[in-house]
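Engineer: Sequence:
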Amino acid sequence: MGAVNLLNGILPALMLSYNDLPAHLKQCFAYCAIYPKDYLFCKDQVIHLWIANGLVQQFHSGNQYFLELRSRSLFEMVSESSEWNSEKFLMHDLVNDLAQIASSNLCIRLEDNKGSHMLEQCRHMSYSIGEGGDFEKLKSLFKSEKLRTLLPINIQLHYHIKLSKRVLHNILPRLTSLRALSLSHFEIVELPYDLFIELKLLRFLDISRTQIIRLPDSICVLFYLETLLLSSCIYLEELPLHMEKLINLSHLDISNTCLLKMPLHLIKLKSLQVLVGAKFLLGGLRMEDLGEAQNLYGSLSVLELQNVVDRREAVKAKMREKNHVDRLSLEWSESSSADNSQTERDILDELRPHKNIKEVEITGYRGTTFPNWLADPLFLKLVKLSLSYCKDCYSLPALGKLPSLKILSIKGIHGITEVREEFYGSLSSKKPFNCLEKLEFEDMAGWKQWHVLGIGEFPTLQNLLINNCPEVRLETPIQLSSLKSFEVSGCRKVGVVFDDA
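Take the sequence shown: its position 171, counted from the start at 1, is 171 in UniProt numbering, and no numbers get skipped.
Mixed in with the good hints, there may be bad ones.
Claimed, not checked - When the alpha-carbon atoms are kept at most 30 Å apart in a straight line, the in silico DSSO-like pairs for lysine-lysine are as follows:
no., residue 1, residue 2
1, K381, K279
2, K431, K279
3, K143, K37
4, K162, K88
5, K26, K37
6, K411, K391
7, K431, K318
8, K401, K318
9, K270, K162
10, K430, K448
11, K381, K406
12, K137, K43
13, K358, K162
14, K391, K448
15, K318, K261
16, K381, K411
17, K358, K406
18, K484, K431
19, K484, K43
20, K279, K316
21, K43, K431
22, K162, K261
23, K358, K391
24, K411, K88
25, K448, K406
26, K43, K358
27, K279, K88
As the list claims (entries may be wrong) - Pairwise CB distance ranges (calculated):
no., residue 1, residue 2, range
28, H169, F486, 33 to 41 Å
29, L67, D38, 47 to 55 Å
30, P403, L67, 22 to 30 Å
31, Q462, E198, 31 to 39 Å
FYI, nobody ran anything at the bench for these hints, they're computed from the structure.
Note that the structure is predicted; figures quoted are calculated from it, not measured.
Cβ atoms here follow ideal geometry from the backbone N, Cα and C, with glycine treated the same way.
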């Protein structure tokens with residue numbers, strides 16, 4: 001379809017919405033022409049790609065741009081965030097057509113290529129991942145030396161995808177203008193040393209979900225690199241020694257890299273704002289290192305906390321000073337057991353985040369009781385709390401006092417036999433769990449009694465899930481006037497009675 005016919009097919013209201021955009025938003029919207037129709041994309045990826053190509057300076061600003069485009073119905077959310085995953089969005093067909101027109105062939109999809117002149121003109125390109133190593137598909141990129149974005153699209157959700165060595169050795173090094181490169185999902189074990197010598201202008205590099213074991217030392221010449229994604233590289237063993245040379249690196253994701261040893265020199269990354277998946281392994285990163293990293297933004301994961309010896313060591317993390325961390329995950333190894341429950345409580349007590357934290361996840365905690373901060377009503381912005389597989393705990397905090405909590409997940413806390421009145425907190429002018437919308441209980445083998453107050457607790461609860469809690473019974477009817485979904489399985493003694501009052 002030609003541009004004129006395509007333009008005539010655009011709804012007038014849609015054109016009006018686009019024409020009304022300021023210039024900076026038009027650029028950001030046009031960039032999204034690289035995404036195929038009906039493709040679900042992540043907001044975070046879009047924003048990082050905008051930043052890499054100079055369309056926006058900071059992630060916060062990019063988020064505002066994205067929300068503005070969504071408010072004008074150019075992006076539609078199709079799935080909400082879950083755990084640590086971003087929301088998924090798409091552009092409807094006509095919106096996608098509009099983006100293609102707006103991009104003026106600067107942003108194309110390789111499969112839609114109509115001639116070599118387009119390859120020479122384009123600056124940003126995506127292509128659908130195939131199963132043949134992709135050399136034949138990508139060899140036409142010899143003509144695209146001005147390309148700034150190369151993004152593989154995994155439409156069919158292929159796994160174990162081969163990438164021809166000729167692509168790595170012969171094609172990619174020629175694309176010396178690249179700002180953004182993704183190699184995610186490919187079966188890559190190693191990368192050529194010379195690759196990053198040639199691609200010195202890279203600002204965004206995604207090597208997530210590959211089989212890479214080590215990164216070449218040459219990655220340290222990427223002085224402009226801002227975003228490095230290494231999540232789910234399950235064979236990755238170590239990072240290069242001179243990572244401190246990446247003076248502009250602001251976002252590093254090393255989550256789900258179970259073999260990776262945390263480099264001690266990570267604290268030398270002075271521009272680092274978002275660190276996802278930090279691990280505290282014996283001989284790895286220490287609490288002092290985390291304490292010195294004061295410029296962290298977004299999410300922070302602290303793993304293998306059984307290696308923290310006592311309260312004095314936990315204090316060194318300076319967790320309360322990390323004012324820009326809004327999602328905190330604290331995890332102990334499930335296989336470990338504590339020598340002293342009070343010491344474990346003291347450690348968790350010192351890992352209390354700042355008062356504006358939004359999400360907290362605690363997994364594998366080895367104490368018998370939780371510290372009081374978990375139920376502190378001063379956490380005015382805490383909307384999501386997850387307590388998982390804290391097997392030795394025998395009581396729950398007074399979580400009903402958290403004024404903004406919307407999602408609560410309690411899993412695998414085998415020591416709990418009763419959910420008592422203390423769970424709701426002391427009586428006040430507000431009903432317990434005043435904002436809670438979703439409540440989950442799972443894998444609670446010892447749980448037998450759920451005491452309810454019958455005073456209108458859970459006034460906003462919409463989703464209730466009870467799974468694999470074989471002994472639980474309810475003492476009195478539950479008043480859940482807002483409930484929309486109730487799922488129960490593996491709970492042979494549950495005879496739930498709902499009171500509509």
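Engineer: All hints, please: hold or fail.
Structural biologist: So, going through the hints one by one against the coordinates:
As the CA atoms of K381 and K279 are separated by approximately 26 Å, the hinted pair is consistent with the 30 Å bound. For the hint pairing K431 with K279, the CA-to-CA distance comes to about 39 Å; that exceeds 30 Å, so the pair is violated. Of the pairs offered as hints, the one joining K143 and K37 holds, with about 25 Å between alpha carbons and a cut-off of 30 Å not exceeded. Proximity of K162 to K88 is assessed by CA-CA distance (about 26 Å); at most 30 Å being required, the pair is judged to hold.
A threshold of 30 Å between alpha carbons decides the hint, and for K26 with K37 the separation of about 19 Å falls inside it, so the pair holds. A C-alpha spacing of about 9 Å is found between K411 and K391, which places the hinted pair at or below 30 Å, so the restraint holds. Annotation: proposed proximity of K431 to K318 is violated, straight-line Cα distance about 34 Å (limit 30 Å). Straight-line distance between C-alpha atoms of K401 and K318 comes to about 26 Å, which keeps the hinted pair within the 30 Å bound.
A hinted pair counts as satisfied when its Cα atoms are at most 30 Å apart, and K270 with K162 does not qualify at roughly 36 Å. Proximity of K430 to K448 is assessed by CA-CA distance (about 28 Å); at most 30 Å being required, the pair is judged to hold. Restraint check for K381 and K406: satisfied, since their Cα atoms lie roughly 10 Å apart, inside the 30 Å limit. Simply put, K137 and K43 have alpha-carbon atoms about 27 Å apart, close enough for the 30 Å limit, and the pair holds.
Only pairs whose Cα atoms come within 30 Å are accepted, and K358 paired with K162 is rejected, the gap being roughly 40 Å. Between K391 and K448 the CA atoms are separated by roughly 16 Å; this keeps the pair inside 30 Å, and the hint holds. For the suggested pair K318 and K261, the alpha carbons sit about 22 Å apart, so the restraint of at most 30 Å is met. For a cut-off of 30 Å, the pair hint linking K381 to K411 stands: about 23 Å separates their Cα positions.
This hinted pair checks out: K358 and K406 have alpha carbons roughly 10 Å apart, not beyond 30 Å. Under the criterion of a C-alpha separation no larger than 30 Å, the hint pairing K484 with K431 is consistent with the structure, at around 20 Å. Straight-line distance between C-alpha atoms of K484 and K43 comes to about 28 Å, which keeps the hinted pair within the 30 Å bound. Note on K279 and K316: the hinted pairing holds, with a Cα-Cα distance of about 15 Å set against a maximum of 30 Å.
Of the pairs offered as hints, the one joining K43 and K431 is violated, with about 35 Å between alpha carbons and a cut-off of 30 Å exceeded. Distance restraint check for K162 and K261: the Cα-Cα separation of roughly 27 Å lies within the 30 Å cut-off, and the hinted pair is therefore satisfied. Restraint check for K358 and K391: the C-alpha separation of about 25 Å stays at or below 30 Å, so the hint holds. Annotation: proposed proximity of K411 to K88 holds, straight-line Cα distance about 26 Å (limit 30 Å).
Between K448 and K406 the alpha-carbon distance is near 25 Å, which keeps this suggested pair within the 30 Å criterion. The suggested pairing of K43 with K358 holds, with an alpha-carbon distance near 19 Å, which does not exceed 30 Å. Under the criterion of a C-alpha separation no larger than 30 Å, the hint pairing K279 with K88 is consistent with the structure, at around 28 Å. Restraint check, H169 to F486: a C-beta distance of roughly 57 Å breaks the suggested window 33 to 41 Å.
For the pair L67 and D38, the beta carbons lie near 22 Å from each other, so the given range of 47 to 55 Å is not met. A hinted range of 22 to 30 Å for the beta carbons of P403 and L67 is consistent with their spacing of about 25 Å. Take Q462 and E198: their Cβ atoms lie about 53 Å apart, and the range 31 to 39 Å is violated.
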